[in-house]
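So the sequences go chain by chain: Z and S.
The first sequence begins at 1 in our numbering and counts up one residue at a time.
The second sequence begins at 1001 in our numbering and counts up one residue at a time.
Wrong hints could be hidden among the right ones.
[To be verified] Which chain S residues face chain Z? A few, computed with CB under 7 Å, are given here:
id	residue
1	K1080
2	V1152
3	V1163
4	Q1193
[Stated by the list, open to error] Computed spacing ranges between beta-carbons, pair by pair:
id	chain 1	residue 1	chain 2	residue 2	range
5	Z	R92	S	H1022	56 to 64 Å
6	Z	P9	S	V1195	34 to 42 Å
7	S	V1129	Z	D180	27 to 35 Å
I should point out that these hints are in silico values taken from the structure, not numbers from a laboratory.
Cβ atoms here follow ideal geometry from the backbone N, Cα and C, with glycine treated the same way.
There are 2 protein chains.
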Amino acid sequence: MIDELGKLPGVGPKSAQRIAFHLLSVEPPDIDRLTAALGRVRDGVQFCEVCGNVSDADRCRICSDARRDGSLVCVVEEPKDVQAVERTREFRGRYHVLGGALDPLSGIGPDQLRIRQLLNRIGERIDGVDITEVIIATDPNTEGEATATYLVRILRDIPGLTVSRIASGLPMGGDLEFADELTLGRALSGRRQMV
Amino acid sequence: MIDELGKLPGVGPKSAQRIAFHLLSVEPPDIDRLTAALGRVRDGVQFCEVCGNVSDADRCRICSDARRDGSLVCVVEEPKDVQAVERTREFRGRYHVLGGALDPLSGIGPDQLRIRQLLNRIGERIDGVDITEVIIATDPNTEGEATATYLVRILRDIPGLTVSRIASGLPMGGDLEFADELTLGRALSGRRQMV
Chain Z
1 MIDELGKLPG VGPKSAQRIA FHLLSVEPPD IDRLTAALGR VRDGVQFCEV CGNVSDADRC
61 RICSDARRDG SLVCVVEEPK DVQAVERTRE FRGRYHVLGG ALDPLSGIGP DQLRIRQLLN
121 RIGERIDGVD ITEVIIATDP NTEGEATATY LVRILRDIPG LTVSRIASGL PMGGDLEFAD
181 ELTLGRALSG RRQMV
Chain S
1001 MIDELGKLPG VGPKSAQRIA FHLLSVEPPD IDRLTAALGR VRDGVQFCEV CGNVSDADRC
1061 RICSDARRDG SLVCVVEEPK DVQAVERTRE FRGRYHVLGG ALDPLSGIGP DQLRIRQLLN
1121 RIGERIDGVD ITEVIIATDP NTEGEATATY LVRILRDIPG LTVSRIASGL PMGGDLEFAD
1181 ELTLGRALSG RRQMV
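With the hints as constraints, model all of the structure from the sequences given.
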């Protein structure tokens, strides 16, 4: 068991041993619940046919939730980014998961990402709703910025579609003094007009 | 000497001891240069009559530099924030140093900051140049945000003046997954339209 646990990311030999001894001491029903959860992952997890997020049905819960605004689509790299945006409780639209970011050196080009599916999705009226805005929420690092630039280029000519990019700048609670030059430069050039 | 050095911020007893023993081993001219620099601080540092930044003359180097754009003023809390913005090499305007941020619990209200001087400066044409944009670059924390809100309110009614706020959002090189909810929420709500 220690060997198997040690293969998990972020679990080193010592943590694996600690988890293993913890499991020895818990009640059998707790072990059963963990085993059942693992079984559900193995058998049940699929990808949403609309957005590409992990799902336990053909359509994920967000894509099948009628209260979510289908005209607003937030494009992210990975399913874990969907969770990050959901935690903000600020976003009431839907998602599109690319499955990564452009990285030519690792052989990841546009065809390796779910970009064609995004274009199809914008072209079709899913559930009778047109997509009117695409928010590009790829990471603000080299690959994510390259992906954002590429997406802006291919989405530019679609009539009636607004394309936006999440803001880069100073994190909340931060301090100018401790911001790196690049971030503070972005915060300045991306300043918002208030009056 | 160890006692005196230990009074400096960020210098604990051990660092003070290390610095003291280092100074014992350096050449006398190096000590002279340090002493002279300290003397210049004691005798010479004043505040720029225009922007309130630290200066060695009536006007600081930035306010007296004709190549800087006097129509664009970046409002910051402290002189160290001027240095932070200068490091980005993105900003070619001038500054206004408030000398802090609104903090009613510590007794810092509008009258304790250089806000009246800012209004005077906007009213006067300094060197024949009108101020057309004020960029509020206070820290994105509670006091800095309160100060920004206050400044927007009092600057709102000045005709022909644009007021802007530096962007809050994800720092460059960052990752959605590790952003806190508040920052990611700001990055979303402050998204920039690209197309």
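A quick look at each hint next to the structure:
1. K1080: holds (5 Å)
2. V1152: holds (5 Å)
3. V1163: holds (4 Å)
4. Q1193: Holds. Min distance 5 Å.
5. Z:R92 - S:H1022: 56 to 64 Å: Holds, since R92 of chain Z and H1022 of chain S (Cβ atoms, about 59 Å apart) stay within the stated range.
6. Z:P9 - S:V1195: 34 to 42 Å: Taking Cβ atoms as reference, P9 of chain Z and V1195 of chain S lie about 37 Å apart, which means the hint holds.
7. S:V1129 - Z:D180: 27 to 35 Å: holds (31 Å)
Violated hints for the displayed structure: none, as all numbered hints are satisfied.
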